[in-house]
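Visitor: Here's the letter readout for the chains.
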Amino acid sequence: MELLLEIGVEELPAAAVVPALDWLVAATGKLIADAGLGDARVRGYSTPRRLAVHAAGFAPQAPDRVVRTRGPSLRAAYDEAGRPTAALGGFARAQGVGVETLVAEEGPGGAYIYAQRTVLGRTAREVLAEGLGDLVLGVPFARTMRWGTLAVRYARPIRWIVALLDAEPVAITVANVTSGRLTRGRRGEAPLVVSEPGAYVSLLAERGIVVDRDERRHRIVAQGDALAHERALTVDWRTETLDEVVDLVESPHPFLGEFPAEALSLPEAVLVTTMTHHQRYLPVRDARGALAPFFLGVMNHGDEAVVRLGNERVLRARLADARFFYENDRRRPLADRVEDLAAVTFYTGLGSLLARARRLERLTPRVARAMGLTGEELAQAARAGRLAKADQTTDLVRELPELEGIVGARYALESGESEVVAAAIGEQYLPRGPEDDIPASPLGRALAVSDKLDALVGLFSAGREPTGSEDPLGLRRAALGVIRILMEMSPSVAVAELIAAAAETWELGARSGEVAKQVAAFLHTRLEVLLVQRGYRPEVVAAVLAAGADALGEVKARVEALTAFLADPLAMDLAVSHRRAARILRKAPPEGSGGRSGGEPAELELEAALERVEPELRRALAQGDYAAFFRAAAALRAPVDRFFDEVTVMAEEAPVRDFRLSLLRRTVAACSGVADLGRLGGTT
Amino acid sequence: MLLQDVIFRLGEYWAGEGCLIGLPYDVEKGAGTMNPLTFFRALGPEPWRVAYVEPSRRPADGRYGENPNRLFQHLQYQVVLKPSPDNVQDVYLGSLERLGIGPEHDVRFVEDNWEAPTLGAWGLGWEVWLDGMEITQFTYFQQMGGVELSPVSVEITYGLERITAYLQGVESVFDVKVSPDVTYRQLYLDAEYQQSRYAFEVADARWLQEAFTSAEAEARRALDAGLYLAAYDLALRCSHLFNLMDARRAVGVSERMGLIERIRSLTHQAATAHLARVEG
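Heads up: the sequence lines are chains A and B, in that order. Number 459 in our numbering belongs to position 459 of the first sequence; there are no gaps in the numbering. Number 18 in our numbering belongs to position 18 of the second sequence; there are no gaps in the numbering.
What the hints contain is simulated information worked out from the structure, not anything from laboratory work. Quick caveat, the model's predicted, so the values are computed rather than measured. Using N, Cα and C, we set each Cβ at its ideal position, and we do this for glycine too. Only true hints are included.
Lysine to any residue pairs mimicking SDA-like chemistry, simulated, CA-CA at most 25 angstroms apart:
id : chain 1 : residue 1 : chain 2 : residue 2
1  : B       : Lys177    : A       : Arg316
2  : A       : Lys30     : A       : Ala129
3  : A       : Lys30     : A       : Ala167
4  : A       : Lys517    : A       : Leu473
5  : B       : Lys177    : A       : Asp321
6  : B       : Lys177    : A       : Leu309
7  : A       : Lys587    : A       : Asp573
8  : B       : Lys177    : A       : Phe324
9  : A       : Lys556    : A       : Asp568
10 : A       : Lys556    : A       : Asp437
11 : B       : Lys177    : B       : Ile21
12 : A       : Lys587    : A       : Met572
13 : B       : Lys177    : A       : Arg313
14 : A       : Lys556    : A       : His524
15 : A       : Lys556    : A       : Thr525
FRET-style restraints, in silico, Cβ to Cβ:
id : chain 1 : residue 1 : chain 2 : residue 2 : range
16 : B       : Pro103    : A       : Gly36     : 46 to 54 angstroms
17 : B       : Gly280    : A       : Ala171    : 39 to 47 angstroms
18 : A       : Arg331    : B       : Glu210    : 26 to 34 angstroms
Based on the sequences and whatever the hints tell you, model everything.
Guide: As structure tokens, then:
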């Protein structure tokens with residue numbers, strides 16, 4: 001059998017299409033399979049105005065099923081004369097079968113009467129007529145709305161539904177819309193009749209509508225490349241914009257538009273943002289990779305010449321706006337704007353951006369020094385901190401907020417600031433997301449860390465730590481940024497010192513220790529989440545963090561070393577021994593003084609091993625050579641095992657007991673430098 | 001097509017669709033939604049169809065008349081259909097045809113979710129793009145005055161200057177011909193310059209704050225007296241004063257939320273008072 005379901009809607013948000021379609025494909029397959037109709041091959045189609053699924057290869061009817069129902073006990077079923085009792089007659093009637101068809105069977109609970117009925121398998125038509133409505137309404141959307149007088153919620157209003165099983169319509173009614181075989185082509189054209197599910201794609205293709213999303217994307221790219229190629233240019237295919245454009249058109253028609261070459265003197269980011277974010281055009285570049293005064297638009301309808309001229313006009317106007325803001329902003333040097341920040345609040349109760357600029361002016365040099373910056377980079381750190389937020393009062397940032405920092409960098413250069421300062425201002429918000437790069441310049445990294453720690457400390461002090469899945473202030477992202485920068489570039493920096501410095505510039509007084517602790521704990525949690533997301537085992541990450549993690553950047557190296565070490569069977573043994581030792585120590589009396597060996601060979605062997613291994617472990621830790629650390633620690637495993645096998649730790653004689661406990665203490669301490677191995681010992 | 005012809009044709013078209021042709025409201029406001037013909041009529045169960053021009057002031061958008069596309073005040077053509085009809089997109093496209101915008105153009109509906117925090121209003125819909133230019137805001141209202149709406153109204157707001165500039169093929173809205181003899185420049189350039197200068201440089205921040213507080217207090221008095229329409233006018237005044245403060249950069253991010261909340265509280269009370277009256 002073949003099914004076509006098309007949900008006709010008013011234009012869906014571009015970002016809603018793919019998740020909706022994925023759900024619909026999976027849910028259609030499940031509906032068919034759960035009804036016993038077998039595995040269907042399901043494909044999804046979409047345009048901004050339609051979500052559709054085509055399913056094929058499923059059975060017309062589910063197999064019949066035999067249903068057995070237990071009735072009265074054999075004893076209660078017949079009277080002494082062997083005649084059916086009233087109870088048996090009632091059971092047969094309730095089951096809709098004759099008494100003569102009933103059977104008696106012996107079971108563990110005695111002999112009972114059973115009725116057997118054959119339930120006819122439901123037809124595909126019945127299943128779909130009943131299930132398609134829920135399928136349509138079940139599509140999950142991030143945001144839904146109501147329309148007209150209906151109570152139904154959907155991403156946008158539903159306007160038509162096509163439901164065909166082979167060549168016949170399946171009638172369903174959803175949101176006051178009754179399904180049939182009529183679909184719609186382009187707006188303003190008469191409805192089209194879908195004769196059978198297999199005809200759907202080609203029927204719409206004849207009207208110029210490409211319902212296959214991948215095909216639409218492919219065509220846009222192929223035609224776009226060809227257009228650019230004619231002029232020896234290349235399209236800068238930005239995935240985010242291309243993905244969106246694919247879901248903004250159903251009859252894609254790329255065209256190449258032009259804009260005045262003078263506009264190329266605007267900052268490139270302004271041009272690219274205006275084209276991509278605002279107009280959904282793709283930028284076009286010349287052979288050297290520089291922006292060319294062209295853009296690739298993708299139209300949906302209309303006469304190309306008319307549409308191109310219109311789009312060119314819009315882009316011209318937008319770039320003229322940007323030019324206006326840019327020229328206006330440049331009338332004043334960037335540094336003059338810092339005092340204007342007094343009028344901009346950072347966050348309720350947390351003062352102005354001017355106060356923030358002043359804190360960054362003090363904090364950035366301290367962070368820079370801790371991160372090992374020297375020379376001009378270090379000398380300019382205060383300047384970068386002071387100017388970091390100055391672009392917030394510019395018209396260009398007001399107009400294009402996504403360009404904060406980038407605009408500041410440009411204006412810094414034009415105002416005669418040094419290149420390191422400009423670069424740092426431009427990179428302060430990096431990384432903006434998990435896939436984004438961290439700042440390339442050392443001062444950029446110091447400023448980015450300072451900016452994020454300043455925000456974290458301030459907002460935590462105001463009790464604005466994120467709760468649940470909500471993170472409106474982007475604190476998780478900020479924490480992740482700090483972690484990634486330190487991890488990738490400054491692994492040995494003690495994050496607690498940086499947090500303390502940030503708390504000091506906030507002048508939190510007596511609360512500073514408590515807030516710093518909260519921020520540190522928050523960073524640790526985010527680090528744990530990050531490493532687990534990257535595929536490290538949760539218990540390994542937890543073991544490393546439990547051993548202390550002040551140098552955040554080293555945690556990853558320690559996790560990697562421990563992960564590698566755990567491939568060695570020795571490792572688990574050592575972990576088990578470690579746990580055993582730790583368990584005994586928990587119950588042991590506080591450390592006594594002195595103590596002496598009980599003379600057991602196993603005791604002496606462990607002592608000797610510790611004497612040998614301890615300096616190696618210290619050296620490995622000091623050098624950050626965690627692999628060497630574990631290699632050295634592994635040498636303890638055999639002596640520890642033997643010790644446990646042959647020695648009674650809790651000896652009766654107190655000095656001997658103290659000596660043995662001290663050996664265990666040294667063992668645990670020796671193994672805990674990189675990770676708390678006891679956490680890995682399983683349940684033994 | 002002259003700007004006044006655009007207004008005439010839209011009026012004829014929407015009157016033909018059963019709309020009352022309404023009038024602009026005489027209190028300063030940022031959008032046609034704030035006209036009582038939309039704000040109050042979107043509430044409650046009664047069907048309603050209206051269309052009108054609304055001069056809308058957005059102080060922060062003022063550019064001293066130097067920018068070809070940005071205006072302190074622009075003209076909205078506002079249409080409200082309640083309940084939203086099933087063929088509303090086609091009806092809207094019909095209005096564009098009436099303006100001579102036919103199938104040779106690329107008209108697109110691009111997601112845009114609308115919100116007017118001071119009105120306690122939000123809705124889902126689109127900005128309509130004509131060959132890449134936003135010409136209309138198209139919204140299915142979900143809430144107004146903080147009240148969930150049923151039935152749902154659809155609001156169609158045309159930007160008259162942009163559409164007319166496009167139809168006349170001019171690059172600057174100031175070159176738009178309003179009538180055969182008068183340009184937009186002649187009508188509004190001085191106002192753009194003076195209003196921008198006032199909003200950005202001259203307005204007295206302290207006076208704005210005092211005026212806001214006093215209008216708010218007066219609105220509360222009117223609400224207490226059960227005169228929610230008078231209170232609503234005062235809330236609109238607060239909203240405009242707030243916009244002026246914003247343009248003057250006299251509002252911090254924190255205060256901002258507080259001021260918006262104060263206006264929203266007034267419009268919410270006006271909305272519930274109105275509902276209590278009509279549902280009586």
